[in-house]
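Engineer: Whenever a hint applies, use it, and build me the whole structure from the sequences.
2 protein chains.
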Amino acid sequence: MADSLRDLLRAPAPPVQLSSLDPRATPLSPGSKERTRDVMLAEGDKLAELQERLYAEGSTGGRRRVLLLLQGMDTSGKGGVVSHVVGAVQPQGVRVTAFKKPTPEELRHSFLWRVRRAVPEPGIIGVFDRSHYEDVLIGRVRELAAPDVIERRYTEIVRFERQLADDGVTLVKCFLHISPWEQKERLLARLDDSAKRWKFNPGDLDERALWPAYQRAYEIALDRTSTPTNPWYVVPSDRKWYRNWAVGRLLLETLTELDPRLPEPTYDVAEQRDRLIEEHPIS
Amino acid sequence: MADSLRDLLRAPAPPVQLSSLDPRATPLSPGSKERTRDVMLAEGDKLAELQERLYAEGSTGGRRRVLLLLQGMDTSGKGGVVSHVVGAVQPQGVRVTAFKKPTPEELRHSFLWRVRRAVPEPGIIGVFDRSHYEDVLIGRVRELAAPDVIERRYTEIVRFERQLADDGVTLVKCFLHISPWEQKERLLARLDDSAKRWKFNPGDLDERALWPAYQRAYEIALDRTSTPTNPWYVVPSDRKWYRNWAVGRLLLETLTELDPRLPEPTYDVAEQRDRLIEEHPIS
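So the protein sequences, as listed, match chains D and L. For the first sequence, my numbering begins at 660 and goes up steadily by one. For the second sequence, my numbering begins at 660 and goes up steadily by one.
Just so you know, the hints here were simulated from the structure itself, not pulled from any lab data. Among the clues, some could well be false.
The list treats identical chains as interchangeable, and a pair is accepted whether it falls inside one copy or across any two copies.
[What the hints assert, rightly or not] 30 Å max Cα-Cα, derived DSS-like pairs, lysine-lysine:
1) K843 / K759
2) K705 / K855
3) K705 / K858
4) K705 / K899
5) K692 / K705
6) K692 / K855
7) K760 / K843
8) K760 / K858
9) K692 / K759
10) K899 / K843
Structural biologist: As structure tokens, this is what we get:
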């Protein structure tokens with residue numbers, strides 16, 4: 660993998676202007692939609708193999724893990740990424756957490772409380788469908804907390820994510836960037852398909868009406884929390900096939916760099932083999 | 660699904676004698692290994708559809724969920740079932756928990772503490788790779804607790820699982836039944852394959868040496884905790900293809916009976932459609 664998609668999609672230096680980033684772009688794409696899907700399947704197999712090694716490492720005392728964090732406006736495809744990308748690896752190596760409106764119990768704690776509880780164990784690829792960033796996104800736009808509280812949260816997030824890094828967690832933070840026109844089409848598709856109607860609720864249109872405020876909140880979040888250790892990636896997401904390939908590729912580049920190795924046996928293989936072959940009858 | 664695999668594999672009335680149940684049997688199998696694998700793929704698609712409906716139900720206030728609990732001797736295929744069966748459904752609808760040797764924190768609590776924390780949320784298919792049953796299996800065989808403590812645990816388990824049922828959790832408890840000869844082959848295969856060697860540790864042979872005591876502990880567990888609401892299934896598991904198909908089929912029968920339905924919209928679809936089409940420009 661000579662070219663790095665991580666380099667290409669890394670959030671630009673502040674101030675980020677989302678309106679200058681094309682949601683229909685397809686940087687480094689292997690080709691057409693069909694060709695890209697084929698490449699994605701092959702890369703999915705590589706990802707599965709690396710994940711298995713990471714799992715093996717975690718089962719034998721290693722601390723490393725990966726946390727894919729997905730943020731984006733409604734219909735940007737967080738769920739689609741989970742199905743198509745995360746579905747490529749073994750279920751026992753994955754832990755998906757969808758963060759919804761906080762429960763009363765969650766509200767009694769710091770906004771990071773529920774997030775800390777969902778950090779993946781060593782060896783696991785965790786996936787956050789939404790995350791602690793909601794507390795500086797909807798939290799900011801809907802004024803769910805005082806301005807100085809929101810302000811402090813950026814610092815707390817950076818500190819928290821640095822602690823994660825120190826504890827072996829490699830974060831892959833993806834903002835799935837869509838245009839309001841694409842969202843409109845997808846919302847209409849949800850309304851028109853009886854099998855998808857349950858995913859829609861009228862509140863989605865109230866949020867949509869606040870589109871510019873949300874874009875601004877995302878820009879501030881990217882500016883304040885994209886660090887060299889824990890950068891944000893802005894994934895053009897108007898084309899679903901590109902979005903799925905790109906997130907898979909970001910994960911693959913990340914795991915390739917981690918290069919997990921199958922642990923060496925800590926026992927004498929021949930000795931154990933003999934023991935098994937020469938055992939007394941056991942039943 | 661005229662014939663019910665659940666009826667066929669349900670643990671017999673006490674006293675269960677595992678030695679009289681054939682681990683190489685293939686009851687209700689659709690045919691050869693190849694034919695069974697084809698059927699399994701088709702049934703996996705059905706399972707995925709039902710799981711999506713269950714997820715939709717859970718996202719809109721429903722309380723129901725499914726918990727697949729896997730127990731069995733080393734190499735009986737708990738991990739294989741997770742890969743092959745659970746891999747058929749969407750990752751966001753699944754939560755896999757592998758219970759290992761309890762941590763010091765877990766040991767400070769009741770044996771059910773860590774299990775309660777891992778019960779799947781509404782709409783989710785949970786999978787337990789090992790479970791609270793270890794506390795009456797290795798717990799009994801290795802005398803990790805006093806006999807009267809072990810004794811009380813069966814009652815606590817039955818009560819706990821009844822509470823789960825009352826809270827919308829349908830348990831599918833599978834004992835993956837293998838022969839000691841099959842285990843021997845699989846352990847040798849682990850030792851002989853450098854990619855699998857990390858899964859082996861010498862302690863596995865110490866446990867194997869206690870095979871009859873473990874079989875007895877399983878029999879007692881089945882006798883004491885198989886109830887009409889939360890029965891055990893004994894899955895013949897010497898043939899991997901049968902085991903995978905059978906566990907998938909048990910799940911499929913369970914979800915078919917639950918018959919989750921896509922929620923009806925609680926809003927006026929035409930009205931929301933108009934609102935979206937006639938909106939003011941938003942950016």
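Engineer: At most 30 Å between C-alpha atoms: does K692 with K855 qualify within a copy, between copies, both, or neither?
Structural biologist: Within one copy only: 24 Å inside, 37 Å across.
Engineer: Give the relationship of K705 and K855 under a CA distance limit of 30 Å: within one copy only, between copies only, both, or neither.
Structural biologist: Between copies only: 17 Å across, 32 Å inside.
Engineer: Within a copy, between copies, both or neither: where do K760 and K858 come within 30 Å Cα-Cα?
Structural biologist: within (15 Å within a copy, 40 Å between copies)
Engineer: Indicate which option fits the pair K692, K759 if close means a Cα-Cα distance not exceeding 30 Å: within, between, both or neither.
Structural biologist: neither (32 Å within a copy, 43 Å between copies)
Engineer: Within a copy, between copies, both or neither: where do K760 and K843 come within 30 Å Cα-Cα?
Structural biologist: Within one copy only: 23 Å inside, 50 Å across.
Engineer: If the cut is 30 Å between Cα atoms, do K899 and K843 qualify within a copy, between copies, both or neither?
Structural biologist: within (15 Å within a copy, 48 Å between copies)
Engineer: Reference check for the pair K843 and K759, CA-CA at most 30 Å: within, between, both, or neither?
Structural biologist: within (22 Å within a copy, 47 Å between copies)
Engineer: Can you give me the call for K705 and K899, within, between, both or neither, at a CA distance of at most 30 Å?
Structural biologist: This pair counts as both: shortest intra-copy Cα distance 21 Å, inter-copy 25 Å.
Engineer: Give the relationship of K705 and K858 under a CA distance limit of 30 Å: within one copy only, between copies only, both, or neither.
Structural biologist: between (32 Å within a copy, 20 Å between copies)
Engineer: Since the copies are identical, ignore which copy is meant and state whether K692 and K705 lie within 30 Å (CA to CA) inside a copy, between copies, both or neither.
Structural biologist: both (20 Å within a copy, 28 Å between copies)
Violated hint: 9 only; the structure is consistent with all others.
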